[in-house]
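**Student:** These protein sequences, in sequence, are chains A and B.
Every letter in the first sequence is one number past the one before it in our numbering, and letter 366, counting from 1, is 437.
Every letter in the second sequence is one number past the one before it in our numbering, and letter 201, counting from 1, is 204.
These are computed hints drawn from the structure, not numbers from a lab.
Given the structure is predicted, the values throughout are model-derived calculations rather than measurements.
Backbone N, C-alpha and C define an ideal beta-carbon position, used for all residues, glycine too.
A couple of the hints might just be wrong.
[Claimed, not checked] What follows is a list of derived Cβ distance ranges for each label pair: (1) Q349/A to E259/B: 29 to 39 Å; (2) Q361/A to P31/B: 37 to 47 Å; (3) P31/B to Q349/A: 32 to 42 Å; (4) D154/B to R104/A: 19 to 29 Å; (5) Q349/A to S183/B: 50 to 60 Å; (6) G92/B to L453/A: 51 to 61 Å; (7) V372/A to D124/B: 34 to 44 Å; (8) E189/A to S183/B: 49 to 59 Å; (9) D124/B to K373/A: 19 to 29 Å; (10) D386/A to S183/B: 34 to 44 Å; (11) P353/A to K109/B: 47 to 57 Å; (12) G217/A to Y36/B: 35 to 45 Å.
[Stated by the list, open to error] Far from chain B by the CB rule (all over 12 Å, computed), these chain A residues: (13) E91; (14) D103; (15) D116; (16) G144; (17) A149; (18) Y150; (19) T274; (20) L364; (21) L398; (22) K455.
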Amino acid sequence: MSRAAITDLYRIDDLLSPDERQIRDTVASFVDREYLPHVGKHFRDGTFPTALVPKLAELGVFGAALKGYGCAGLSNVAYGLILQELERADSGLRSFASVQSSLCMYPIHAYGSEAQKERWLPGMAAGKLIGCFGLTEPDFGSDPGGMRTVARKDGDHYVLNGSKLWITNGSIADVAVVWAKVDGGAADSIQGFLVEKGMPGFTAKEIKGKFSLRASYTSELSFSDVRVPAANVLPKVKGLKGPLSCLNHARAGIAFAVMGAAVACFEGARDYALSRVQFGKPIAGFQLTQEKLADMLQEIVKGQLLGLRLLRLKDEHGKVSPEQVSLCKRNNVKVALDIARVARGIYGANGVTDEYPPVRHMLNLESVYTYEGTHEVHTLILGKAITGLDAFGAV
Amino acid sequence: MKILVTAKRVEDPESKIKVKPDGSGIVPEGLKYKINPFDEIAVEEALRLSAAHTGDVVVVSIGTKDVHEQLRHALAMGATKAVWVNHTGALDQLAIARLLQKVVEKEKPDLVILGKQSIDDDQNQVGQYLAEFLGWSQATFASKVEALDSDAEKNKQPGLKLTADKKGLTVVREVDGGLSTLECSLPAVVTTDLRLNQPRYASLPGIMKAKSKPIEELTPAALAVDVAPKLTVTKLSSPPARKAGIKVADVPALVEKLKNEAKAF
Numbered sequence: 072m073s074r075a076a077i078t079d080l081y082r083i084d085d086l087l088s089p090d091e092r093q094i095r096d097t098v099a100s101f102v103d104r105e106y107l108p109h110v111g112k113h114f115r116d117g118t119f120p121t122a123l124v125p126k127l128a129e130l131g132v133f134g135a136a137l138k139g140y141g142c143a144g145l146s147n148v149a150y151g152l153i154l155q156e157l158e159r160a161d162s163g164l165r166s167f168a169s170v171q172s173s174l175c176m177y178p179i180h181a182y183g184s185e186a187q188k189e190r191w192l193p194g195m196a197a198g199k200l201i202g203c204f205g206l207t208e209p210d211f212g213s214d215p216g217g218m219r220t221v222a223r224k225d226g227d228h229y230v231l232n233g234s235k236l237w238i239t240n241g242s243i244a245d246v247a248v249v250w251a252k253v254d255g256g257a258a259d260s261i262q263g264f265l266v267e268k269g270m271p272g273f274t275a276k277e278i279k280g281k282f283s284l285r286a287s288y289t290s291e292l293s294f295s296d297v298r299v300p301a302a303n304v305l306p307k308v309k310g311l312k313g314p315l316s317c318l319n320h321a322r323a324g325i326a327f328a329v330m331g332a333a334v335a336c337f338e339g340a341r342d343y344a345l346s347r348v349q350f351g352k353p354i355a356g357f358q359l360t361q362e363k364l365a366d367m368l369q370e371i372v373k374g375q376l377l378g379l380r381l382l383r384l385k386d387e388h389g390k391v392s393p394e395q396v397s398l399c400k401r402n403n404v405k406v407a408l409d410i411a412r413v414a415r416g417i418y419g420a421n422g423v424t425d426e427y428p429p430v431r432h433m434l435n436l437e438s439v440y441t442y443e444g445t446h447e448v449h450t451l452i453l454g455k456a457i458t459g460l461d462a463f464g465a466v
Numbered sequence: 004m005k006i007l008v009t010a011k012r013v014e015d016p017e018s019k020i021k022v023k024p025d026g027s028g029i030v031p032e033g034l035k036y037k038i039n040p041f042d043e044i045a046v047e048e049a050l051r052l053s054a055a056h057t058g059d060v061v062v063v064s065i066g067t068k069d070v071h072e073q074l075r076h077a078l079a080m081g082a083t084k085a086v087w088v089n090h091t092g093a094l095d096q097l098a099i100a101r102l103l104q105k106v107v108e109k110e111k112p113d114l115v116i117l118g119k120q121s122i123d124d125d126q127n128q129v130g131q132y133l134a135e136f137l138g139w140s141q142a143t144f145a146s147k148v149e150a151l152d153s154d155a156e157k158n159k160q161p162g163l164k165l166t167a168d169k170k171g172l173t174v175v176r177e178v179d180g181g182l183s184t185l186e187c188s189l190p191a192v193v194t195t196d197l198r199l200n201q202p203r204y205a206s207l208p209g210i211m212k213a214k215s216k217p218i219e220e221l222t223p224a225a226l227a228v229d230v231a232p233k234l235t236v237t238k239l240s241s242p243p244a245r246k247a248g249i250k251v252a253d254v255p256a257l258v259e260k261l262k263n264e265a266k267a268f
């Protein structure tokens, strides 16, 4: 790990406990050794590094903040530090971990029956089973309450129809947490269904042509009269708060994690600017470059402190409010994206190739800007919290 | 079997090392530290042997309280307990070996595994001294026949092998131009070379568990070892900076330079 001292100008390391630092450093050296040498090829080929899944599981990464069922039971801060290191390598790998842990294991852990937990969580923690999360639909992204996926009770089964889009891990998942309206009800009837790979009528098709998160599989899920046993319904939650609580959980981690991509871009751009000589001196010696690097560092320090505070709040209070998460996600993803774009510029023409990391991070962060609540939705969540006026409603 | 291993705290090889202007040492600011990589290989080997033959792995480090970081690292990898010899200040290799000798006499392991050298001062002496002081057999530069991408390595099989009667150890040593295999009787001191194994990552739950594992504190005084250095470092200096290369006009000029300046032929 070649973390430069300047990156931690504010000694944020001192705000971490020795075991949190040790966890972070362990994942950092794992990523440096096991993934960074190969990430460019995966991005170019559009493949996810499946061989890393058992190794990450051996480390204890999946469901790391959950207790019991083979999970590591770490703090949310430790979980965020893990995600930040994965993101430093590639947002695709971090997305895999976020979906597996926060969007699939978390709802089973929080809302599942004992039998469901026993059946899925140990295998998922061990990386032997892969999960995905189906909420977004082709016509309903920011407005999930309008979803068209439905489940109709039929004896001791539910019959599921509809489709879900932009589903990370979809085509490689053994189980999908799918949210659907039940028996012709409105948003308050929404329930979570554990749809298993191979159930007749359930298909997952990989989405091609992405310029972002290329080292991650994104899919469309289709359900055509899929008969799901009633035992596969998550029994402990009903309505939109089910999926939204999962998102709140995942977004808190992501909001902190994206600073990993920002750090990778900043440190790479600084090293490049120091070695690239134009007009007889390193371009790092030009004031225009120094201003860019100063802006990057300033936003990284602020974003790290914001993210750390968010996850400490979560550890201290057991939860964080959507507004608290929105402020951090909104700020950190935007600054990380800006840093990646500026870093791309510092690399000049080299910055547009996959030989160097910034354009990959930049393209990845375009997805992160949109997923897990778009930048605009987080703005409206904050706007509502500040004014008490809901800007989401229909005209 | 009980195995004792060492975990010296050294500068991270990826840190930029700067010598102080007066040559009295290196600039500590901004440096990161880690477990000596050869010691990490020793910890890994001990864990594999203890998994195959059941037993405890005790890890030892000497230094200020900072060395707890390296002890915790070894405990997180899976070592059973740690011994910390609390000492501030410089130590020479003889003193380190004498301290380890006392710890070994106290802990009574069947085997001591330590790095062949530490990457900070590259002395390569402590293992050999320790074997001599204890009167034990020694095997230095332990390696193995199987490659680091072999199935044996993936399955975390130990490279050091107990003999059939479990009273000895077969060690493959790295020597100039090849490998030599020797058998030594236990108890023994083994020092590790680079290709013995690929150390595991500490698991994240392992890191949490390590917090509750015991670290026993000892001191040179309690071990009755006189650690006054017989060897002192008088001056450190950086290697001279490399001179920039030159461009030659054509091949004959290159041949001329190679022949007359570089004396390549």
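**Student:** All hints are to be evaluated individually against the structure, with a verdict given for each.
**Tutor:** Outcome of the hint check:
Between Q349/A and E259/B the beta carbons are some 34 Å apart, a value that agrees with the proposed interval 29 to 39 Å. In this structure the hint that Q361/A and P31/B lie 37 to 47 Å apart at CB is violated, the actual value being about 28 Å. Here the CB-CB span from P31/B to Q349/A is close to 36 Å, well matched to the stated 32 to 42 Å. Evaluation of the 19 to 29 Å hint for D154/B and R104/A yields a pass: the beta carbon distance comes to about 20 Å.
The given range of 50 to 60 Å is respected by Q349/A and S183/B, whose C-beta atoms sit roughly 55 Å from each other. Checked against the hint of 51 to 61 Å, the pair G92/B and L453/A passes, with Cβ atoms roughly 56 Å apart. Distance hint check for V372/A and D124/B: the Cβ-Cβ separation is about 36 Å, which falls inside the suggested range of 34 to 44 Å. Checked against the given bound of 49 to 59 Å, the beta carbons of E189/A and S183/B, roughly 53 Å apart, stay inside it.
At about 41 Å, the CB distance of D124/B to K373/A disagrees with the hint of 19 to 29 Å. A hinted range of 34 to 44 Å is violated for the C-beta pair D386/A and S183/B, which are about 54 Å apart. With their beta carbons about 56 Å apart, P353/A and K109/B fall inside the hinted range of 47 to 57 Å. The supplied range of 35 to 45 Å is broken by G217/A and Y36/B, whose beta-carbon atoms lie about 55 Å from each other.
For E91/A, the non-interface assignment is contradicted: its Cβ lies about 9 Å from the closest Cβ of chain B, within the 12 Å cut-off. Look at D103/A: its CB is around 9 Å from the nearest CB on chain B, not clear of 12 Å, so calling it non-interface is violated. A cut-off of 12 Å between C-beta atoms confirms that D116/A is not in contact with chain B; the least separation is 22 Å. The claim that G144/A lies off the interface is violated: its Cβ sits roughly 7 Å from the closest Cβ of chain B, which falls inside the 12 Å cut-off.
At roughly 7 Å from the closest C-beta of chain B, the C-beta of A149/A falls inside 12 Å, breaking its exclusion from the interface. Distance check for Y150/A against chain B: the nearest CB is about 9 Å away, which does not clear 12 Å, and the non-interface claim fails. Distance check on T274/A: its Cβ is at least 35 Å (rounded) from any Cβ of chain B, clearing the 12 Å threshold; non-interface status holds. For L364/A, the non-interface assignment is confirmed: its Cβ lies about 18 Å from the closest Cβ of chain B, beyond the 12 Å cut-off.
At roughly 28 Å, the least C-beta separation between L398/A and chain B is larger than 12 Å, which holds for a residue marked as non-interface. No Cβ of chain B approaches the Cβ of K455/A within 12 Å, the least distance being about 37 Å, so the stated non-interface status holds.
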